[in-house]
Every structure is written in structure tokens, then in C-alpha cells.
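Undergrad: Just so you know, the sequences run in chain order A and S. Once you know that position 209 of the first sequence is 208 in numbering that gives the first Met the number 0, the rest is easy, because the numbers rise by one and skip nothing. Once you know that position 189 of the second sequence is 188 in numbering that gives the first Met the number 0, the rest is easy, because the numbers rise by one and skip nothing.
Derived from the structure by calculation, the hints contain no laboratory data. Wrong hints could be hidden among the right ones.
[As the list claims (entries may be wrong)] Straight-line Cα separation of at most 20 Å, SDA-like style, residue types lysine to any residue; simulated pairs:
| id | chain 1 | residue 1 | chain 2 | residue 2 |
| --- | --- | --- | --- | --- |
| 1 | S | K120 | A | T298 |
| 2 | S | K120 | A | L213 |
| 3 | A | K424 | S | P119 |
| 4 | S | K120 | A | R413 |
| 5 | S | K120 | A | R425 |
| 6 | A | K424 | S | N117 |
| 7 | S | K120 | A | V305 |
| 8 | S | K120 | A | R422 |
| 9 | S | K120 | A | M428 |
| 10 | S | K120 | A | L429 |
| 11 | A | K316 | S | L305 |
| 12 | S | K120 | A | V408 |
| 13 | A | K424 | S | K120 |
| 14 | A | K424 | S | A118 |
| 15 | S | K120 | A | I411 |
| 16 | S | K120 | A | E304 |
| 17 | S | K120 | A | A307 |
As the structure is a prediction and not an experimental result, all values here were calculated from the model.
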Amino acid sequence: MKVLFAKIAVRRLFVTISVVAIIELMTGPAGSNSAPVSGFKGSFVESSSFFGLFRAQRWIVFFGLALIAWVVASFWINQGTQIRSRVRQVIAVPRKATEKSFVRRGALAALLFVAIILPHVETAPFWQAAMVEQIAVYVLLAIGLNVVVGFAGLLDLGFVAFYAIGAYTTAWVTGALPTPALFHHPLNPFWAIPIAIAIVMAAGVLLGAPTLRLRGDYLAIVTLGFGEIVTIFANNLYGITGGSLGTKQIPHPSLDVGPIKYHWGITPVPYYYLTLVFVVLFIIVFSLLERSRVGRSWTAIREDEVAAESVGINPLKYKVMAFAIGAASAGFAGVITASQLFFIFPSSFTLLFSINILVLVILGGMGSIAGVVLGAVLIQTASSYLLHSPPSGYQSQDLYMYLGALLIVMMIFRPAGLIPSRRRKREIMLAEVDHEGHLDEVLGGDDL
Amino acid sequence: MGAFGHYLLAHAVTLKHEFWQLFVGGVANGLLYGMIAVGYTLVYGVLRLINFAHSEIFMTGGFAGYFVLRAFVGSGAPPAGLASIGLIFIGILAGGTAGAVMATVLERVAYRPLRRRNAPKLAYLISAIGASYFLFNLAGKEFGHLPVSTPQPYINHTVFHVFGAPVQMFFVIIFIVGLIMFVGLDRLISKSRLGRGIRAVAQDAETASLMGVNIDRTIAITFIVGGALGGAAGFLFAMGYGVVYTMGFVPALKAFTAAVLGGIGNLRGAMIGGLILGIFESLSVVVVQAAYIDVVAFGILVLVLLVRPTGILGERLGRAA
Numbered sequence: 000m001k002v003l004f005a006k007i008a009v010r011r012l013f014v015t016i017s018v019v020a021i022i023e024l025m026t027g028p029a030g031s032n033s034a035p036v037s038g039f040k041g042s043f044v045e046s047s048s049f050f051g052l053f054r055a056q057r058w059i060v061f062f063g064l065a066l067i068a069w070v071v072a073s074f075w076i077n078q079g080t081q082i083r084s085r086v087r088q089v090i091a092v093p094r095k096a097t098e099k100s101f102v103r104r105g106a107l108a109a110l111l112f113v114a115i116i117l118p119h120v121e122t123a124p125f126w127q128a129a130m131v132e133q134i135a136v137y138v139l140l141a142i143g144l145n146v147v148v149g150f151a152g153l154l155d156l157g158f159v160a161f162y163a164i165g166a167y168t169t170a171w172v173t174g175a176l177p178t179p180a181l182f183h184h185p186l187n188p189f190w191a192i193p194i195a196i197a198i199v200m201a202a203g204v205l206l207g208a209p210t211l212r213l214r215g216d217y218l219a220i221v222t223l224g225f226g227e228i229v230t231i232f233a234n235n236l237y238g239i240t241g242g243s244l245g246t247k248q249i250p251h252p253s254l255d256v257g258p259i260k261y262h263w264g265i266t267p268v269p270y271y272y273l274t275l276v277f278v279v280l281f282i283i284v285f286s287l288l289e290r291s292r293v294g295r296s297w298t299a300i301r302e303d304e305v306a307a308e309s310v311g312i313n314p315l316k317y318k319v320m321a322f323a324i325g326a327a328s329a330g331f332a333g334v335i336t337a338s339q340l341f342f343i344f345p346s347s348f349t350l351l352f353s354i355n356i357l358v359l360v361i362l363g364g365m366g367s368i369a370g371v372v373l374g375a376v377l378i379q380t381a382s383s384y385l386l387h388s389p390p391s392g393y394q395s396q397d398l399y400m401y402l403g404a405l406l407i408v409m410m411i412f413r414p415a416g417l418i419p420s421r422r423r424k425r426e427i428m429l430a431e432v433d434h435e436g437h438l439d440e441v442l443g444g445d446d447l
Numbered sequence: 000m001g002a003f004g005h006y007l008l009a010h011a012v013t014l015k016h017e018f019w020q021l022f023v024g025g026v027a028n029g030l031l032y033g034m035i036a037v038g039y040t041l042v043y044g045v046l047r048l049i050n051f052a053h054s055e056i057f058m059t060g061g062f063a064g065y066f067v068l069r070a071f072v073g074s075g076a077p078p079a080g081l082a083s084i085g086l087i088f089i090g091i092l093a094g095g096t097a098g099a100v101m102a103t104v105l106e107r108v109a110y111r112p113l114r115r116r117n118a119p120k121l122a123y124l125i126s127a128i129g130a131s132y133f134l135f136n137l138a139g140k141e142f143g144h145l146p147v148s149t150p151q152p153y154i155n156h157t158v159f160h161v162f163g164a165p166v167q168m169f170f171v172i173i174f175i176v177g178l179i180m181f182v183g184l185d186r187l188i189s190k191s192r193l194g195r196g197i198r199a200v201a202q203d204a205e206t207a208s209l210m211g212v213n214i215d216r217t218i219a220i221t222f223i224v225g226g227a228l229g230g231a232a233g234f235l236f237a238m239g240y241g242v243v244y245t246m247g248f249v250p251a252l253k254a255f256t257a258a259v260l261g262g263i264g265n266l267r268g269a270m271i272g273g274l275i276l277g278i279f280e281s282l283s284v285v286v287v288q289a290a291y292i293d294v295v296a297f298g299i300l301v302l303v304l305l306v307r308p309t310g311i312l313g314e315r316l317g318r319a320a
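Given these sequences and hints, build the entire structure.
TA: As C-alpha cells, then:
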């Protein structure tokens, strides 16, 4: 019992209650402009049904939860060493196994198999559509952003721009824009894939060459603005992009090469397989890249740019490369979205979208391909589920509130992500340990 | 001569009249940008990082001011005279307090745990972006997603003319409040003990702590000062343009541009940068469509960062103002 009355524990109680109160507010009913207090009132002093099991005053339930969490946390921190080391022992066996290459390959094959049969297991139309629009496309975007943020360590907040450029390129070559098509006769979206990827990569070089000289935080804000500008242009250049009304109808892709004839129709499953092929392709290419000379240069630049430069690596060149290569998968994702959804609108390419992708990368683990795929699948499945059957009080915009909170929580408790890249984790730990000696003296006091 | 020249000639008469009108609007916007930019610059000075969530401090101030005005003015006729001045004062106080409180909470939740661990810079940025997204979407959830206009605490008549361009009450208020705040802040940072502490931490945190400056406290106060100005700017903005949960994003991006333009870490630079950006952007309407104003502001940011990343007055961390 003594653990619960120490000064630090009382403080922890305060923190726990605050956190639970915030969760209470987040899951509570929405307020409105004419009744700004109603959201708070509904969250704290009214009763609501919990999972359809029982009805109770919200604050009582949440206060109870806070107390339980506090007691558990207090004992965990004080006496959890034994439990933690036990858990570590249990985890050690499967963790060791994953280091063997045949286990890894087996696991990958099993996952691929699951991904292939998934549309035949889950046949609900909503989920089949979600598999393409909400999950597969986002996996692509996440592994693309991972090259930029994870491998090269550049925070790109305007990743949506590349996705938008990919989508609009598709509309362009298929003749769905008000402006004349790229070629004399409109192509079908399948042939837009290489063109879109090329154009998006060129856009990456164009944007990257001037801006990648900037320091990390400046780069973040410049890319943020770039993403915003692409939306502004798409919204206002009526003669070129169709403006806020969007494009004309974009045809479905079809393939007609020798004996192979296939036409993608309106059902999502064929798009799923098309995307899956490219996901696998991009994963192979990116993981080869990571282990190549290029990938090692990225690591070097990320860890110490000056040192990298002094051994003859041109940082700008490799950063621009990361930008362009990462953009490629976003460009392809744009093609898939455009050709599957018929129409594209500027409103689907907002900044919120860039942040959404960033959350997938951060949750999974910067620099870890397995991690970002897991992150993308987890979050996008959860958000599709929320879209499919929203709990009471949930509005679709609330998703970004949860994602924002998730970013803070990840940075505080697990900055390297769910499946950390070993190298990345080491970097973070090194940076933190590096100054620990005198940092404590300088800053003093105990942690919040 | 070119097409642009012809355009200018053809519109010379309207332009002359419009110029001053745009100029006045630009100065008012510029003062607002400057007030927000100060928050960026102060925090950058002590922590060497961009407080991405500053836009939400601005938004908080806007909403606080909005609710205060709604409570006091309601839907009745706008008050005049002393009552107006009193209301504006209360609104600024409310906005500033809300901004300061929000800034403090941000510092405690999103920054301090990372600072304790000496986390890499990327972690700060991501945490701040998360905080920003969390906050404005929470505001959207609690206060609705539609923009609303604010009850007017004054009668927005034309006060006087500058070269034939009318200057409205709203602009006059911004001029007065902005000037008072800038001069006050400038004095605070360059003359007071508190300001010396902030400058000392900005110069060299470790040495400052050896000299008896409490770093944690100084950082917290820096956030409070920047937050108060940002919140007050939020109130002024809300008074003229209404509130919406995403209101912070664009003004904050421009304020950041202003901070970089003037030289980040440089207080006077932030103010001057804000003014220049506001005027330039406002005048750019003559050349480009209004929809592209944000593109102009952003183009300036990229240009400054590429050509002169230290800004007009130069980066000044820790020197007097």
C-alpha cells in the first residue's frame, strides 16, 4: 500500500485522472456551436450505455477506470521488474526465431497467402471496397512515406501532393481533364501507371532539389505548404483540373497485351489484387534499396549529415532520391484511386490526409517496412470499422483527433514504433543516453 | 512593357484608390501575423524548435474571445464608447489567458516528457503535429465544424481616411492593440529580469542554468508569453473574421513565414516580417487572384529560406531583442 501514497504516486494519480478525463471527452457526445457546453456536459455528467452492457454515469465509470489504471500502474512501476523480465523471457523465444531467415520467409509467405485469400473470406461489399480504398492504397502510401521519413529521416508533411499528382496525371492521360490529354488519343489507366510514376518522381525531384537543403523543421513546414498549394491549384485551375467540381469520368483500366486480356470493372476485388502485386513489388524494391549503397547513404545522412558529407556522400543528391523514390508509390496509389473511383476531387487531397499517412508510419515504426505495413493495416482497419459502424457520439472528423493523440502517445512512450527498425531504435536510444549524464543535472526535478 | 504593364496602365486609376485600401488591410493583417510570429520566435529561441501547435493556441484564443463576446454582447446591438473598449479589453484578456493556458498545457504534455529524455528533434515535431491535430479536431467536436461570425463589440464605421482609403474601426483597434503589445513585449524581453532569463537560455541553456536561471521555469514562461500574444491575436482575428475549428492553420503558416522572413529568434524581426508579409500579400491581389494569396505567402517563405535563410534582420538568438 505504501506505493500508493508516495509523492510521485499522488502525482501519477493526477496524471491518470487527467488522461482518463481527456479520453472521456474524446469518446463523449459532440457539442455544437449553439450549445458549446453540451459536449462537455454529455461527456462528464450524463450517463451513457457502455458496450450495450450497462448504463451508468460516465464520470463514475471513467473515474473507476482511472483508479484501476493508477493502482495497476503504480504496482507495475514499483514491482513490475520481475513480471517484465518474465515477459521478456517468454517473448525472447519467438523473437529469436524471427531472426532466422527461413522463419522470416515462412512468415512472409503465410502473410502473403492470407492477403491473397482475404477477399474470398471477407465477402461483405463494404469490406471488399475498404480493402482497396482504405487499406491497400494506404499501405502503398505508408511504405512510400517510410522511405522519406524512415530511411532518409526527412519529415514530409505534404506527401498527399504526390498522391494528388498521381491521380490527376491519370485523369490527364485518360482525357478526363478539361485540358487536352497528354497524347493524341486517351490512354486507359493501366498505361497511366508508368507515366504517373515518372511524373510524380519528377515532381519529387523538382520539389526536393530546392527545399531539401533546408534544416529538418523548415523542410517540414515547406512540405506542409507544398501540399496545401497543390490543393489550392487543383481547386482553382478550373480550365486544367476541373476545379472543385472534380474531373470528368475516368475509365477503368484494362490490359490487352498479346494473350493477356483483362478489364478491371466496377468491383473492388480485381483492384485489390492489382494493388497487392504492386505492394509486393514496392516492398521488394524498397527493402533491397534499404540494404544497398543508397540505403546505407540514407542511414549515414540521417545519423550525421556532416560526417556523411565528409566521407564523400552528397546529402542533397540522396535526399532528393529519397523524395522521388518515396513519391513513386504515392503516384501509383493515385492511379489506383483515380481509376477505381471514376472521379477525383481536390477535397480528397487535403493536409489531413498527409498526417493520416504519417501516423501509419509512426505507429508501425519509422524505417521498418514490416512495421509500417502493420501500422497501416491496423489503423486503416480500425478507421474503416469506425466508418462502418460508428459508436454513438462519433463523427467522421473525430478520426483525426484520435490520430493526433496517437502521435503524442507514440512519441512519449514508444518513439520507435510497434515493430521498430533496429537501427532506428538504436539511434533514438543513443541520442537519449548521450546527454543523460549531465542532462539530469541541468534540468533537475522529476519527470511528469 | 508586357501584358502586366498594360494591365497596370489600364487600371491605374482604380489601382491608386485600391492601393491604400489594400495597404491598410495589409498592415492590419501584418500586425496579426507579427503577434503570432512572436510566439514562434520566442519558443524557437529557447528550445530551437518550431512549435507546430502554435496554430491551435491562436485558435483557442479565438474561441475564448468568441464565447466571451457572445456572453456579453449576444445578439443585441453593438455597444459603443467606453463599453466597447471595456469589452475589447475583456476579450483580449480572455483570448490571451486561454492562449497562455493552452501553451502551458502543450509544453507540459507534448514537449516536456521529450525534453527530459533528450529525444531527437524529429520526435518533437511529430509530437507537436499530433497535438495540433488533436486540439483542432477536439475543438471541432465540441464547438461544431461550421464557421460562425462573432458578435461585434463595437460599431464598425469608418474612422478616418488615408489617401482616400477608408480605415475601419476594426483596423484601428488592431493598430492600437498591436502597437501596445509589441512595445510592451520588446521592453519586457530587453529590460526585465525575466527577459534576461529568456535571452540567457536562448544563448546557452547549460551555462544559464549554472548561473542560476531556472530553465524549466524560463521555458514555461516563454510559452506563456508567446501563448498570450497568440491567443490575443486569435481574439482580434475572431472579432473580424469569425471562428472555425481550422482557423489556426493558415494564419499560423503565414506567421511562421513572417518569423522566418524577419529572422527566426529575432523579436523585432518577427514584427517587421509580419508587417512586410501582410502588406505584400495584400497588394498581391492586384496581380493574382485572391484564391492564390496563400500561394504568394508561401512562395515568399520558400524564397526567403532559399535565398536568405537568416531573414531580413538576421537570426538573433539571445541578443537584446
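Undergrad: All the hints need checking, so say for each whether the structure fits it.
TA: Results of checking the hints against the structure:
For the hint pairing K120 (chain S) with T298 (chain A), the CA-to-CA distance comes to about 16 Å; that is within 20 Å, so the pair holds. Our distance criterion of 20 Å between C-alpha atoms is met by K120 (chain S) and L213 (chain A), whose separation comes to about 14 Å. In summary, the hint linking K424 (chain A) to P119 (chain S) is supported, as the alpha carbons are separated by about 11 Å, within the 20 Å threshold. For the hint linking K120 (chain S) to R413 (chain A), the alpha-carbon distance of about 15 Å falls within 20 Å, and the restraint holds.
Under the criterion of a C-alpha separation no larger than 20 Å, the hint pairing K120 (chain S) with R425 (chain A) is consistent with the structure, at around 15 Å. Our distance criterion of 20 Å between C-alpha atoms is met by K424 (chain A) and N117 (chain S), whose separation comes to about 14 Å. Only pairs whose Cα atoms come within 20 Å are accepted, and K120 (chain S) paired with V305 (chain A) is accepted, the gap being roughly 17 Å. This hinted pair checks out: K120 (chain S) and R422 (chain A) have alpha carbons roughly 17 Å apart, not beyond 20 Å.
Restraint check: the Cα-Cα separation between K120 (chain S) and M428 (chain A) comes to about 13 Å, which is no more than 20 Å; the hinted pair holds. Of the supplied pair hints, the one linking K120 (chain S) and L429 (chain A) holds, its CA atoms being roughly 13 Å apart against a limit of 20 Å. For the given pair, K316 (chain A) sits about 17 Å from L305 (chain S) by alpha-carbon distance, which is consistent with the 20 Å threshold. Note on K120 (chain S) and V408 (chain A): the hinted pairing holds, with a Cα-Cα distance of about 16 Å set against a maximum of 20 Å.
This hinted pair checks out: K424 (chain A) and K120 (chain S) have alpha carbons roughly 14 Å apart, not beyond 20 Å. A distance of roughly 12 Å separates the Cα atoms of K424 (chain A) and A118 (chain S); the hinted pair therefore holds under the 20 Å criterion. At most 20 Å may separate the alpha-carbon atoms for a hinted pair to count; K120 (chain S) and I411 (chain A) meet this at roughly 13 Å. For the given pair, K120 (chain S) sits about 14 Å from E304 (chain A) by alpha-carbon distance, which is consistent with the 20 Å threshold.
With a C-alpha separation of about 19 Å, the suggested pairing of K120 (chain S) with A307 (chain A) holds against the 20 Å cut-off.
Hint violations for this structure: none, all hints satisfied.
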